[in-house]
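Enquirer: Chain by chain, the residues run as shown.
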Amino acid sequence: MNKEKITVTVNGRKHEKEVEPRRLLSDFIREDLRLTGTHVGCEHGVCGTCTVLVNGKSQRSCLTFAVMADGAEIQTIEGLGTAEKMHPLQQGFWEKHGLQCGFCTPGMLMTAVELLKENPNPSVDEVREALSGNLCRCTGYQTIVESIQRGAEIMRGGK
Amino acid sequence: MVQNRGYIPKSRQREKPREGLKYIGKSMKRVEDPRILTGKGVYADDISFPEMAHVAIVKSSHAHARIKRIDTSKAEKLPGVLAVLTGAQAAEICGPLPTWSSPPVFQRVIAHERVRHVGEAVAAVCAESRYIAEDACDLIEVEYEPLPVVVDPEEALNSRGDAVLHPEHGNTNLILESKFDFGPVKEDFAAADHVVKRRLRWPRSGGTPMETNGATAVWDEGSQRFTIHVNSSMYNFVGWMIADTLKIPHHKLNIVPTLAGGSFGAKLFLYKQPVMAAIFAKIVGRPVKYLEDRMEASLTNDAHASDRVYYAELACKKDGTFLSFRQRIIDDYGAYFQYGVGQHGNALAQVVGPYKINSVGVHVQAVLTNKNQQGAYRGFGSEVANFVIERMVDAAAEELKIDFLEIRRRNFIQPDQFPYLIPTGNMYDSGDYEKVLDETLKILDYKGWQKKVAEMRKAGRYVGIGIATTHERSVFSSTEFWMWNLDGKIGWTSSPDSMSIKIDPRGRIYGTLHSPFWGNSPETVATQVIAEQFQVDPSNIEITYSDTDKGLHSTGPGGSRFTVMVTGAIVGAAAILKKKIYKIAAHMLEANPDDMEMRDGHVSVKGAPQKKVSLQDLAFHAYYMRLSMPDPEDPDLTSGLDATYVYDHPVTTLPDPKREHMGIFYPIMGHMCHSMVVEVDPETGQFTFLDYACVHDSGVMINPMTLEGHMRGGVVNGIGSATSEHYYYDKNGQPTNTLLTDYLLPSISEAPANMKCGHVETPSPFTEYGIKGGGEGGRMGTPPALAQAIEDALRPLGVKITELPLTQKRIRQLVREAQTKRAAD
Amino acid sequence: MKPAPFRYVRARSVDDAVAALARDSEAKVLAGGQSLIAMMNVRAAKPDCLVDINALSGLDYIKVKDGGLAIGALTRHETVKRSALVKEHCPLLAEAYEWIAHRAVRNRGTFGGNLCHADPASENPAVALVTEASFVLKSAKGERTVAAGDFFKGVYQTAARQDELLIEVRIPSRPKGQGWGFVEVSPRKGDFAMTATVVTLELAGSNVKAAKIALTGVSDRAIRLPSVEAALAGKPATEDLFRAAGEAARKAINPSSDFHADDAMRRDLASTLTRRALTAAKSRCA
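As they're listed, the protein sequences go chains A, B and C. Position 145 (the first sequence) corresponds to 145 in this note's numbering; numbering is contiguous. Position 532 (the second sequence) corresponds to 691 in this note's numbering; numbering is contiguous. Position 196 (the third sequence) corresponds to 1180 in this note's numbering; numbering is contiguous.
Here chain A stands alone, though its shape is the one from the complex (with noise of 0.2 Å):
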């Protein structure tokens, strides 16, 4: 099988690789990278859990091919924060109860960063629209959206 050669920025560092052209970019952060932050759910695009940022933009990495990527500088959950330094979302995930399982819960925090990028201080609505195509079999939701209200009034400079 052919291979064609890739570059990508992951969380600011620089990888060179080859890949299949059908290799999922998926199963590229997870096993190429060993970046298994990054949850695969359903496989065909439906429950939003495999969400990463592709130039700062949320997509699918589970409908996407690595070499679709070429060139792309990609955040994953792995460069957000850590557990001793955590992203603000991620203090308000854990502040407020916004996972149970956790395995959606990559997911939902690159879309809430893509969120609150374009919007510092979102309603429930506007929060809700944003988790649309995010599936949670835990939580019910309502405590995600508080989650990301909470991390949005963190980074907004609140206590």
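One or more hints might be untrue.
[Unchecked claim] The following residues of chain B were derived to be distant from chain A, with all beta-carbon distances above 12 Å:
id : residue
1  : Gly184
2  : Lys594
3  : Glu867
4  : Arg871
[Said to hold, decoys possible] From chain B, some residues computed to sit far from chain C (all C-beta separations above 10 Å):
id : residue
5  : Glu336
6  : His522
7  : Arg620
[Stated by the list, open to error] Calculated cross-link-like contacts (lysine-lysine; reagent style DSBU-like; alpha-carbon spacing at most 30 Å):
id : chain 1 : residue 1 : chain 2 : residue 2
8  : B       : Lys560    : A       : Lys85
9  : C       : Lys1030   : A       : Lys57
10 : A       : Lys117    : B       : Lys188
11 : A       : Lys159    : B       : Lys915
12 : B       : Lys915    : B       : Lys594
13 : A       : Lys14     : B       : Lys199
14 : C       : Lys1235   : B       : Lys959
15 : B       : Lys661    : B       : Lys175
16 : B       : Lys185    : B       : Lys477
17 : B       : Lys199    : B       : Lys709
18 : B       : Lys236    : C       : Lys1012
19 : A       : Lys57     : C       : Lys1071
20 : B       : Lys338    : B       : Lys181
21 : B       : Lys175    : B       : Lys515
22 : A       : Lys5      : C       : Lys1012
23 : A       : Lys5      : C       : Lys1047
24 : B       : Lys890    : C       : Lys1193
25 : B       : Lys959    : B       : Lys199
26 : B       : Lys606    : B       : Lys181
27 : A       : Lys3      : A       : Lys14
28 : C       : Lys1012   : A       : Lys17
29 : A       : Lys3      : B       : Lys181
30 : B       : Lys477    : B       : Lys661
31 : A       : Lys57     : A       : Lys17
32 : B       : Lys338    : B       : Lys476
33 : C       : Lys1071   : C       : Lys1160
34 : B       : Lys181    : A       : Lys159
35 : C       : Lys1235   : C       : Lys1173
36 : A       : Lys117    : C       : Lys1235
37 : B       : Lys411    : B       : Lys661
38 : B       : Lys959    : B       : Lys560
39 : A       : Lys17     : B       : Lys199
40 : B       : Lys606    : B       : Lys476
Source of the hints: derived by calculation from the structure; they are not laboratory data. Source: prediction; values computed, not measured. For glycine and all other residues, C-beta sits at the position ideal for the given N, C-alpha and C.
With the hints as your guide, set chains B and C onto chain A.
Expert: Structure of chains B and C alone, referenced to chain A:
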């Protein structure tokens, strides 16, 4: 030992419910979260080893067929393919998969000779990558000889000949039939003024967690052992059954839990993935991962849920008093029968709901059809029973012209009647149902809504209110499985959970759980209870999980049992440790061991808190100063500080051998009231929530925040079950919605934006601190309330709801039929 | 669920792309991939060769040209959704986007790719029919323009030949005074439509001057309802007329049944949604 009906064992509760607890009852942030939130949680697919190979399966395209021929030669030649197995080859390597059905209905990891549902594995490939494995699957040719397909559960009652899935169990697909009368059913029906009759239909849905099932197996040639990493539960309860399937000595298998990305029952006990990964790991001599893909997760994950037809009858007096409840149930189990009719034993734990009903008649007909088999899903069959009793109560209210809340109040078991035995023999430990109902009505502003709804209806809007008062039985003991073993064998009678606690030489506390994380908050629960027991700051506590090598007897989460059971185990282990700690402290402080208490990370003398030793200093002493102990001969004073405790079920009894009652098997009785206001668009069949309020009584709460998480999450599961989720098979046994494009999990747009949660705490007299389970949450209450709300909204059209799911198509159909009928009248 | 192998060509220009399509009769265009890759993951689609057009520049634009919008085929959905030009010149399209997919899919999926995929339950084909859009197709042999009415041929079938690349979609600007309506029922928000009705309406006084009606989700492709449109012309634009149009729509279609909606459901929806879309359109005639 068989106990008489009415025998209630003495409570073993050590920790009384009380005011002033420091850590229990607080909405502490979860200790699981930092690693999960930063992408460092390790789920099944995150396990990786060098040289790891991957498995994919060839899925049957037929619902029912004989396998005539399989040609794997092209697949074997594909570069990157390491091994290929057919059902015949797999049957030589390993035995049938674990099953609890009696008599056993055997299933194989790869179907052998016959396929019984679409998606069942007929061959499997192990290759360098999942991509190549799937390429090879495409090259495998299978020739089928189709057999008659059985889809409809009521038609399955009459299957004969080739339409029978497992002929070794007789010429029928009626795999189990049981009839019980608990109490004077006939007499009570004879005494009734009115009998409400309904045919009710509960559809096939499933837990459908966002993460699928997966296992990675490593075969160690030197020690001749398998290590299997899997996102399963119950491995420290029945994990040895996988060794039986693999035909290896039990101690040659170690099962290591990963985080589970949700279960809701679907990962109660996984065997297909571990077995498949293990057999290939040994064949290819490399670590092997088998992760179910999303399609397999809906086609062949052994975790579809109850699919029942009820013919239910409720005998009432004119004044609305319930006398007896009788039901015939046909349940479509799919192609296999892993847990037998455990889901019906479960339902009998709370079959009368919160109501006084003198007798219960149950006739269960379990049928096999050409579908993915049933497993567990949040409620394990009791959520269906809740739907049925509540629909019957609503129907009784309507037919007897009694307000639907009033008829409930008239029949509620009263707070002074506990412990209360229901006709099936199960006990309700405690409760206050009116209080829960009243609190719900207050939070919803029921009176306010009644007025608003009346006004909206005048304006031509279709608005309705639904309320359900339902139970959440918690903490199963497994004894109910015995009821259905018609060969007379006794069932299992102990489903304990365990805890290991070690305090290290510097006073830090390590708790080892013997059950996994499957989306609940086990580390947080254990941390809060340990912190309470030792009065230490939670930051000094570390919780880890054991594998089966080091595991103690533990059933694991399921049936809303984990919090109660692990708390019991912690209290037990802490008691052992505290006895030793107090002895040592008493020696160090020159005081009496009976006068010791734990306070702020210290052990101090009661009434003289300045006389104290820190846990850190004490632990150092316990580890390294054995010879300075008071009594060198004291057998309790061995070096170190560690203890384990196996906590058996807090209150359970054996069933009656003549099957007149089931004994106490599911007695820690939570209760809930769910209420909502909905508006229906009768022209499109769509509806929206205008309000939602629910109040749960889960006894004393350990962490209100996480409990509310279960409540709200369960509500949205319940909305899915009631309105959009349906694993539907067409008449040829072809599933119509194998992907999440068509199996409709509720998205945020279908969830109420503001679910108001409330709590009532009626402590259990039997569990530590008075805790009850609450993990199955809103799914136990939402469906009947939502059915009632939609029926109420469509009341002007005279629509009756007897069947779920209430899809837009069904609501529209009900409206269309009602309008057509009205036009004809 | 992994895609089957395929040959991959990364096109750097439109000429590059059409040359690749001409060279390989099995080649298929890979645009945003939001439908195609999902189908490939379940191996419902196994293209031998994909010509990836994501790297080529010059097809991502929205501009006003010859009295209408010209939208480059590679323009991402989210760009169309947010475009002030689209809101001004084709508010109907802007409204349709309230119903289309979810943010992450719109970030990647393309306007042209969506139309070429020709899903029978997709929204934009119906918008294209009602606005009488046209499609500019380019191949190594040259360019041609196909009217929307001739473009959609069936489930995933269009008039575009294998060697042709859709490069631009032209949508006439909303005539002054024309109202529009877009009403949809889908299983969940963002899902493909069970049924959606798309209309434009022009009034002469209080009478209908011209109405255009298209439905999606009720056939193997989005369809116009010319007989229903004709019956509206010249009549007073009343709720009764719209109700009658709805009933006519119910009878004019021959929908198939699937798990989410059967024939009766789709006919009911066609009726209700047509009435509602016309009512909405009337309120916007100004």
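Enquirer: Work down the list of hints and note, for each, if the structure agrees.
Expert: Evaluated hints:
In this structure Gly184/B is separated from chain A by more than 12 Å, as the shortest Cβ-Cβ distance comes to about 16 Å. Distance check on Lys594/B: its Cβ is at least 24 Å (rounded) from any Cβ of chain A, clearing the 12 Å threshold; non-interface status holds. Not every CB of chain A lies more than 12 Å from the CB of Glu867/B, the least distance being 8 Å, so the non-interface label is violated. Not every C-beta of chain A lies more than 12 Å from that of Arg871/B, the closest at about 3 Å, which undercuts listing it as non-interface.
Taking the minimum C-beta to C-beta distance to chain C, about 32 Å, the non-interface status of Glu336/B holds against the 10 Å cut. Separation of His522/B from chain C is adequate, the least Cβ-Cβ distance of about 32 Å exceeding the 10 Å criterion. For Arg620/B, the non-interface assignment is confirmed: its Cβ lies about 16 Å from the closest Cβ of chain C, beyond the 10 Å cut-off. With a CA separation close to 62 Å, the supplied pair Lys560/B and Lys85/A exceeds the 30 Å bound.
Distance check on the hinted pair: Lys1030/C and Lys57/A sit about 28 Å apart at the alpha-carbon level, within 30 Å; holds. Proposed proximity of Lys117/A and Lys188/B is supported: the alpha carbons are some 26 Å apart, at most 30 Å. Using a Cα cut-off of 30 Å, the hinted pair Lys159/A and Lys915/B holds, with the two alpha carbons roughly 25 Å apart. Taken as a hint, the Lys915/B and Lys594/B pair is honoured in the structure, with Cα atoms around 17 Å apart against an allowance of 30 Å.
Between Lys14/A and Lys199/B the alpha-carbon distance is near 21 Å, which keeps this suggested pair within the 30 Å criterion. At most 30 Å may separate the alpha-carbon atoms for a hinted pair to count; Lys1235/C and Lys959/B meet this at roughly 29 Å. Restraint check for Lys661/B and Lys175/B: the C-alpha separation of about 24 Å stays at or below 30 Å, so the hint holds. Proposed proximity of Lys185/B and Lys477/B is contradicted: the alpha carbons are some 47 Å apart, above 30 Å.
Proximity of Lys199/B to Lys709/B is assessed by CA-CA distance (about 24 Å); at most 30 Å being required, the pair is judged to hold. Taking the CA atoms of Lys236/B and Lys1012/C, the gap is about 29 Å. The hint holds against a cut of 30 Å. A hinted pair counts as satisfied when its Cα atoms are at most 30 Å apart, and Lys57/A with Lys1071/C qualifies at roughly 22 Å. Restraint check for Lys338/B and Lys181/B: the C-alpha separation of about 50 Å exceeds 30 Å, so the hint is violated.
For the given pair, Lys175/B sits about 28 Å from Lys515/B by alpha-carbon distance, which is consistent with the 30 Å threshold. Restraint check for Lys5/A and Lys1012/C: satisfied, since their Cα atoms lie roughly 21 Å apart, inside the 30 Å limit. With a C-alpha separation of about 35 Å, the suggested pair Lys5/A and Lys1047/C falls outside the 30 Å cut-off, and the hint is violated. Restraint check for Lys890/B and Lys1193/C: the C-alpha separation of about 49 Å exceeds 30 Å, so the hint is violated.
Distance restraint check for Lys959/B and Lys199/B: the Cα-Cα separation of roughly 50 Å exceeds the 30 Å cut-off, and the hinted pair is therefore not satisfied. Our distance criterion of 30 Å between C-alpha atoms is broken by Lys606/B and Lys181/B, whose separation comes to about 38 Å. Annotation: proposed proximity of Lys3/A to Lys14/A holds, straight-line Cα distance about 19 Å (limit 30 Å). At roughly 25 Å between alpha-carbon atoms, Lys1012/C and Lys17/A fall within 30 Å of each other, so this suggested pair holds.
With a C-alpha separation of about 60 Å, the suggested pair Lys3/A and Lys181/B falls outside the 30 Å cut-off, and the hint is violated. Pair hint Lys477/B plus Lys661/B does not hold up; C-alpha atoms about 62 Å apart against a cutoff of 30 Å. The straight-line distance between the Cα atoms of Lys57/A and Lys17/A is roughly 22 Å, inside the 30 Å bound, and the hint therefore holds. The suggested pairing of Lys338/B with Lys476/B holds, with an alpha-carbon distance near 25 Å, which does not exceed 30 Å.
The suggested pairing of Lys1071/C with Lys1160/C holds, with an alpha-carbon distance near 14 Å, which does not exceed 30 Å. Annotation: proposed proximity of Lys181/B to Lys159/A holds, straight-line Cα distance about 25 Å (limit 30 Å). Under the criterion of a C-alpha separation no larger than 30 Å, the hint pairing Lys1235/C with Lys1173/C is consistent with the structure, at around 27 Å. Between Lys117/A and Lys1235/C the alpha-carbon distance is near 49 Å, which puts this suggested pair outside the 30 Å criterion.
Simply put, Lys411/B and Lys661/B have alpha-carbon atoms about 27 Å apart, close enough for the 30 Å limit, and the pair holds. Simply put, Lys959/B and Lys560/B have alpha-carbon atoms about 16 Å apart, close enough for the 30 Å limit, and the pair holds. Note on Lys17/A and Lys199/B: the hinted pairing holds, with a Cα-Cα distance of about 24 Å set against a maximum of 30 Å. For the hint linking Lys606/B to Lys476/B, the alpha-carbon distance of about 28 Å falls within 30 Å, and the restraint holds.
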